[in-house]
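J.: Listed here are the chains, written in short residue letters.
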Amino acid sequence: MEDKKRNEAYNQYVSAKIPKTHAWPALFNSFWVGGLICVIGQGINDLLLLAFPMLSQQSAWALTLIALIFIASFLTGIGVYDQIGKFAGGGSIVPITGFSNSIASPSIEFKSEGIVYGICVKMFTIAGPVIVFGVASSMVVGLIYWIISLF
Amino acid sequence: MAETIKLKKQPKIIGSYSIVGPKEGKGNFGEYFDYVMKNDFFGEKTFEKAERKMLENAITGVIQNAKLQTKDIDIMIAGDLLNQIISSSYAARVFNFPFLGVYGACSTMAESIGVASILVDGGYSKNVVCCTGSHFSTAERQYRFPLELGNQRPPTSQWTVTGAGSCVISLEGEGPRITMVTFGKVVDWGINDVNNMGGAMAPAARETMLNHFRNTKTGPDDYDLILTGDLGKLGSEILIDLMEDEGITLGSNYGDCGQMYFKRSQQTLCGASGAGCCATVFNSFIIKKLQEKKYKRILFMPTGALLSTTSTQQGDTIPCTCHAIVIEA
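Listed in order, the protein sequences are those of chains B and H. Take the first sequence: its position 84, counting from 1, is numbered 83 in numbering that gives the first Met the number 0, and each next residue is one higher. Take the second sequence: its position 191, counting from 1, is numbered 190 in numbering that gives the first Met the number 0, and each next residue is one higher.
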């Protein structure tokens, strides 16, 4: 009982002493880098439509995503994306490029354990939950959509 | 009761060796290390193999430094941070002497020196090698995230040192003497934030320090230097506060290897950590200063966090320990 009290007091003391992240500069960097990634995406999309007028908007979107994923994986491979992430935080994690980085980085890391047990198994250690929640929530939304469409 | 062992014959540290990575070589202790690697791979295919090679080199280096040959070594006591302490065991595989694996996380250096000096003091072994190391990239991958993942490190986090340190304990030869050993209890004050090791380990340092001072009837002023391992910036500040609550003032003769290890421009937030942190500082800077008689009596007490990724994921708090040894010039 006394231990519990001491631990609680100690935890309170430590959390008060922990150096805090400066929220505003972090948010600012996050905002402009995240925004820049989106602008690049929009730019690729517009250039595609300009260069290939036959292309439908749907196909241009798909090609834009592929291009962004490729760029992010490439930057991960040459060791640049983690530097961007260190600076921008959420700004480079939230866009699809962050998702690409979260799959490419464990693939590089666990190459030493072989293709099957290393790369293929470990590839989704970080992105896995995102995919699971993505699929699960889309099922829930789909169900709600179906129920509404009945009336 | 935690006893302090007073060594009757006072074994000596007759050789020491340190090897570090390039980032560590640029740190505050850079000029004192015996060997600075050009890159983290050390000519190997994986970081784990590089860590192993680092330990092998540290063992070979220290035997040479002590002017001994491999056949003169009776036993080696070593440990590291990887699961099943593979770096130490695999390093021991290439040598032809018995091996005792120990694990005290970042306190392993003091633990192995403690056990070694008891073996030597008791007359059971003549020359004992102690070796400990860690590698930033293997530790990151075991405990945290892939290296290339673009995430931010929390402000309390510390940087695992790539490096290995080793020493030879013996009764014959010249060198600083080990006079006392206080092994630590396992202490847990309920911190479960794995990014705040300093906060988790400080109570363990407090416990061992109090026990040591009580048992030996000494205080901070009786030592030229009191050195903790890798409490870091935050943890060492917490320890100073905790000791103040006990009426003991840690003044300018108190230091922490982790806090001092890197330069501020190297952006390691709360400082260095890892088994290699205090091992490389102790087996370079500290031993040299003792040999030069700049320091006469040092209390060396690194702490270790005895957690695993499984215990963390199951929401457990972090148990920690701290072993203290006294070295006199």
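Derived from the structure by calculation, the hints contain no laboratory data. For clarity, every value in this text was computed on a predicted model and none was experimentally measured. Cβ atoms here follow ideal geometry from the backbone N, Cα and C, with glycine treated the same way. Don't take each hint at face value.
Here are the computed lysine to aspartate or glutamate pairs in the EDC-like style, where the Cα-Cα straight-line distance is at most 16 angstroms [claimed, not checked]:
#1 B:K110 <-> H:D192
#2 B:K3 <-> H:E173
#3 B:K19 <-> H:D192
#4 H:K292 <-> H:D192
Ranges between beta-carbon positions, derived for each pair [what the hints assert, rightly or not]:
#5 H:K293 <-> B:A25: 56 to 62 angstroms
#6 B:F27 <-> H:K25: 28 to 34 angstroms
#7 H:K44 <-> B:V134: 54 to 60 angstroms
#8 B:A8 <-> H:N194: 18 to 24 angstroms
#9 H:T308 <-> B:T20: 23 to 29 angstroms
#10 B:H21 <-> H:K8: 24 to 30 angstroms
#11 B:I77 <-> H:P153: 40 to 46 angstroms
#12 H:P154 <-> B:I77: 41 to 47 angstroms
#13 H:I85 <-> B:P52: 58 to 64 angstroms
#14 B:Q11 <-> H:P153: 41 to 47 angstroms
#15 B:P52 <-> H:N191: 26 to 32 angstroms
J.: Each hint needs a verdict: does it hold in this structure or not?
T.: Here's how the hints hold up against the structure:
1. B:K110 <-> H:D192: Not satisfied, since the Cα-Cα distance of roughly 29 angstroms exceeds 16 angstroms.
2. B:K3 <-> H:E173: Roughly 49 angstroms separates the two Cα atoms, so the pair is violated.
3. B:K19 <-> H:D192: 15 angstroms, holds
4. H:K292 <-> H:D192: Violated, at about 40 angstroms.
5. H:K293 <-> B:A25: 56 to 62 angstroms: 43 angstroms, violated
6. B:F27 <-> H:K25: 28 to 34 angstroms: Because 30 angstroms falls inside the window, the suggested range holds.
7. H:K44 <-> B:V134: 54 to 60 angstroms: Cβ of K44 (chain H) to Cβ of V134 (chain B): about 37 angstroms, so the range 54 to 60 angstroms is violated.
8. B:A8 <-> H:N194: 18 to 24 angstroms: Holds, since A8 (chain B) and N194 (chain H) (Cβ atoms, about 21 angstroms apart) stay within the stated range.
9. H:T308 <-> B:T20: 23 to 29 angstroms: Since T308 (chain H) and T20 (chain B) have Cβ atoms about 24 angstroms apart, the given range 23 to 29 angstroms holds.
10. B:H21 <-> H:K8: 24 to 30 angstroms: 55 angstroms, violated
11. B:I77 <-> H:P153: 40 to 46 angstroms: This hint is violated: roughly 26 angstroms between Cβ atoms.
12. H:P154 <-> B:I77: 41 to 47 angstroms: 28 angstroms, violated
13. H:I85 <-> B:P52: 58 to 64 angstroms: 60 angstroms, holds
14. B:Q11 <-> H:P153: 41 to 47 angstroms: 18 angstroms, violated
15. B:P52 <-> H:N191: 26 to 32 angstroms: Cβ of P52 (chain B) to Cβ of N191 (chain H): about 58 angstroms, so the range 26 to 32 angstroms is violated.
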